[in-house]
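Undergrad: From first to last, the protein sequence lines are chains A and B.
Positions 2 to 113 (the working numbering) are the ones given, in order, by the first sequence.
Positions 1133 to 1246 (the working numbering) are the ones given, in order, by the second sequence.
By construction, these hints were calculated from the structure, which means they are not laboratory data.
Backbone N, C-alpha and C define an ideal beta-carbon position, used for all residues, glycine too.
Careful, some of the hints might be misleading.
Claimed, not checked - Ranges of calculated distance between the beta carbons of each label pair, as one might list FRET restraints: (1) A/I64 <-> B/M1186: 31 to 39 Å; (2) A/H78 <-> B/M1159: 26 to 34 Å; (3) A/I64 <-> B/D1191: 29 to 37 Å; (4) A/G105 <-> B/R1141: 23 to 31 Å; (5) B/K1150 <-> A/I64: 30 to 38 Å; (6) B/S1199 <-> A/R82: 31 to 39 Å; (7) A/K4 <-> B/S1214: 25 to 33 Å; (8) A/R108 <-> B/T1218: 21 to 29 Å; (9) A/R108 <-> B/I1192: 35 to 43 Å; (10) B/G1195 <-> A/G104: 32 to 40 Å; (11) B/S1139 <-> A/G105: 27 to 35 Å; (12) A/H78 <-> B/T1218: 36 to 44 Å.
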Amino acid sequence: DAKTTQPTSMDCAEGRAANLPCNHSTISGNEYVYWYRQIHSQGPQYIIHGLKNNETNEMASLIITEDRKSSTLILPHATLRDTAVYYCIVRALHNAGNMLTFGGGTRLMVKP
Amino acid sequence: DVKVTQSSRYLVKRTGEKVFLECVQDMDHENMFWYRQDPGLGLRLIYFSYDVKMKEKGDIPEGYSVSREKKERFSLILESASTNQTSMYLCASSSYDRANYGYTFGSGTRLTVV
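Let's have the full structure, built from the sequences with the hints guiding it.
TA: Rendered as structure tokens:
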């Protein structure tokens, strides 16, 4: 699976959009981009995933560049409860064991 | 609501004890995973299983074993607990049929070995 690079930490004001970037320059054509988040003392939570088209669900939007070498997770109106570590992961749909490899993630701090 | 349930939220064990961490999922998922999470090291895969009675080593299997006798249950076993196994342990499951939708994680078990 391709590796990802994310900033270690970011701040965001409550009510504003949080834009979390991720670089995955070695992504292969069959690899999806997944985003998870982990709130303190809880297990990671799935947010969204995509292949090449932009995606939106009730939690967030995912913007993938045309060359697929980077992506941005957007939380449109961040709340204090969005404070968490956000993980960007790329993986092939049918890799061995269907497993995810977590990197260091971005620690998002939403401030009042 | 679909769930992955880990039997204990907090656990304290003595060095040398045999420790069982239990994980149950109610989603009929084929795949189950055990991770540990430590500050500064992120989530590291210990073992995973893609079918009943099947198991594969992850990145850090030493000192651990697993058991998957039933599809819904995946147990992590610390044969002889040591202090360096003090950690947060996370269980997850996923399905090939719903592979697009990623993993579902349990709430974690914080194990302290004294």
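Undergrad: Of the numbered hints stated previously, which ones are contradicted by the structure, given in increasing order?
TA: 5, 9 and 10
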